[in-house]
Amino acid sequence: MNKVISYVLAIATFAAFAAFVVLRQQTPFRPELLDGYNALVLEGFFNTIIISIISLLGSVVLGFVFYLLSVSKVRFFEAFTDVFTEIIYGTPLLVMIVVMAFVIGPAFGSFNRSLMGTLGLIIYITPYMTNIYKSAFSSIGNDQYMAMDLFGFTPYQRYRYIIIPQVVRILMPPMMNNFSLIIKGSALLNVLSLTELYYAIRVVQSRTFAFVEGYLLMWGLYIIITIPLSQLTKYVERRWST
Amino acid sequence: MKLSIRGLTHTYDVDVINDLSLELSQYKSIALIGVSGSGKSTLLRIMSGLEQPTIGEVWIDDSPVSDPEYRKHVGFVFQHHNLFPHLTLKQNITLVLEKTRDMGKEEAEAMAVAQLTALRLEDQMDKLPKNVSGGQAQRASIARALSLDPNIIFLDEPTSSLDPILTYEVLTAVEELRDSGKQFIFVTHVMSFVRDFADYVIFMENGNIVEQGPVSIIETPTSQSLKEFMKKVR
Chain F
1 MNKVISYVLA
11 IATFAAFAAF
21 VVLRQQTPFR
31 PELLDGYNAL
41 VLEGFFNTII
51 ISIISLLGSV
61 VLGFVFYLLS
71 VSKVRFFEAF
81 TDVFTEIIYG
91 TPLLVMIVVM
101 AFVIGPAFGS
111 FNRSLMGTLG
121 LIIYITPYMT
131 NIYKSAFSSI
141 GNDQYMAMDL
151 FGFTPYQRYR
161 YIIIPQVVRI
171 LMPPMMNNFS
181 LIIKGSALLN
191 VLSLTELYYA
201 IRVVQSRTFA
211 FVEGYLLMWG
221 LYIIITIPLS
231 QLTKYVERRW
241 ST
Chain B
1001 MKLSIRGLTH
1011 TYDVDVINDL
1021 SLELSQYKSI
1031 ALIGVSGSGK
1041 STLLRIMSGL
1051 EQPTIGEVWI
1061 DDSPVSDPEY
1071 RKHVGFVFQH
1081 HNLFPHLTLK
1091 QNITLVLEKT
1101 RDMGKEEAEA
1111 MAVAQLTALR
1121 LEDQMDKLPK
1131 NVSGGQAQRA
1141 SIARALSLDP
1151 NIIFLDEPTS
1161 SLDPILTYEV
1171 LTAVEELRDS
1181 GKQFIFVTHV
1191 MSFVRDFADY
1201 VIFMENGNIV
1211 EQGPVSIIET
1221 PTSQSLKEFM
1231 KKVR
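In order, the protein sequence lines correspond to chains F and B. First residue of the first sequence? That's 1 in our numbering, and the numbers climb one at a time after it. First residue of the second sequence? That's 1001 in our numbering, and the numbers climb one at a time after it.
Think of the hints as simulated: they come from the structure by calculation, not from any bench. Careful: at least some of the hints might be erroneous.
Where chain F lies over chain B, by a calculated footprint (3+ residues, C-beta under 8 Å) [said to hold, decoys possible]:
id, segment
1, 1037-1044
2, 1077-1091
3, 1213-1225
Anything over 12 Å on all C-beta distances counts as not near chain F; from chain B, calculated [to be verified]:
id, residue
4, Asp1015
5, Leu1024
6, Tyr1027
7, Leu1050
8, Ala1110
9, Gln1124
10, Tyr1200
11, Val1233
Idealized CB from N, CA, C, for every residue including glycine.
Looking at chain F on its own, in the form it has when it is part of the complex:
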């Protein structure tokens, strides 16, 4: 079967499933109930994007710092990042967020839950970023460093012309995958009453009682952000793999 037709059919199958689910609801499907709440929904939508971008940038930076610590000659730093990674890997994101907002934040005098929640998201993604850096930088073998030595490249030239151009190609696709993880993870910030997409729609639902309509809209909006992103990731991967 033609590839395009296959995909159209596959998407139609899922659309049919969605329609089936809507028709099977106990209450009539009334999307017009959501009218008048566009501003609130959009605020949540854009807040989700903004929080995700901030978390991405934060974890890209923090992940790099932790990468440098993990390859440091100081044993303590290496051990520190190892223990940190184990703790984070063992912690559910939801737990991380509430602990940051209600336990660690107040200990440092911060009751700003948006800030602490976002920071929790950043810290949660950091070890994943560190791992991405580790595998990317380890792809440059000793032989290449020997060649750089031989020709007498300066440290700046090494990074500018040889290391970074190779590493960026390897870093980009997994980093974009992590961005998708962050966007999805940010939904959990609703427990802090932070007006991101999930929370915004919950508010609309509580005012309109349009639960089914709200959840479907919520789902659709997340997918509107993440699917183009994953397509872009695939494109970048293909483009840069040669």
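Guided by the hints, dock chain B onto chain F, whose structure is given.
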């Protein structure tokens, strides 16, 4: 070339090279042979200035190999081509010339094209290393070494990762350089190449020189270990 090695010892965990001394002049193409782990590749890297010895010193043509100026006139061909994988064959040469030899863009480009053409890579030079054969990549790596106009070219088992046909291709390319006035020091397991190309042979075992002399020593070895080695590599 004039080669002078004095009291050279190099240690990783064990002694790789053990108190080695050597004085040679007048030879232009020196082969280092021996079993794996005999210290020959380490000696080659030390002579090229790529590695610092634990103790001792090496002088080539009246210059200590630790001198950065000396290293600018060294060509080194690695076991595996060791081209930068994100750059085309041509860019592998132009980047080095432009950034480390202060050569202008056009001059570097012309040099790269000339060297790659001389090694019959004119159709391949805009390809990435992974898109050419191992033999072509290794020849590009030789072109890169030559583009720096080195006095001495070091070859570290340049064909060990190649099949016999590609080996032949690379070694023929090297032999064509014989009359270019360049000097060579190389490590190899290909004895036919030693016979054709070397004018002096050094046989190493356990980090020291067991036997050395003109190429004829591999036909009529005197030491027991070279006799056994020659039986195995034949």
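Hint check results:
no. : hint      : result
1   : 1037-1044 : violated (count 0)
2   : 1077-1091 : holds (count 6)
3   : 1213-1225 : violated (count 0)
4   : Asp1015   : holds (22 Å)
5   : Leu1024   : holds (23 Å)
6   : Tyr1027   : holds (23 Å)
7   : Leu1050   : violated (6 Å)
8   : Ala1110   : holds (19 Å)
9   : Gln1124   : holds (16 Å)
10  : Tyr1200   : holds (24 Å)
11  : Val1233   : holds (25 Å)
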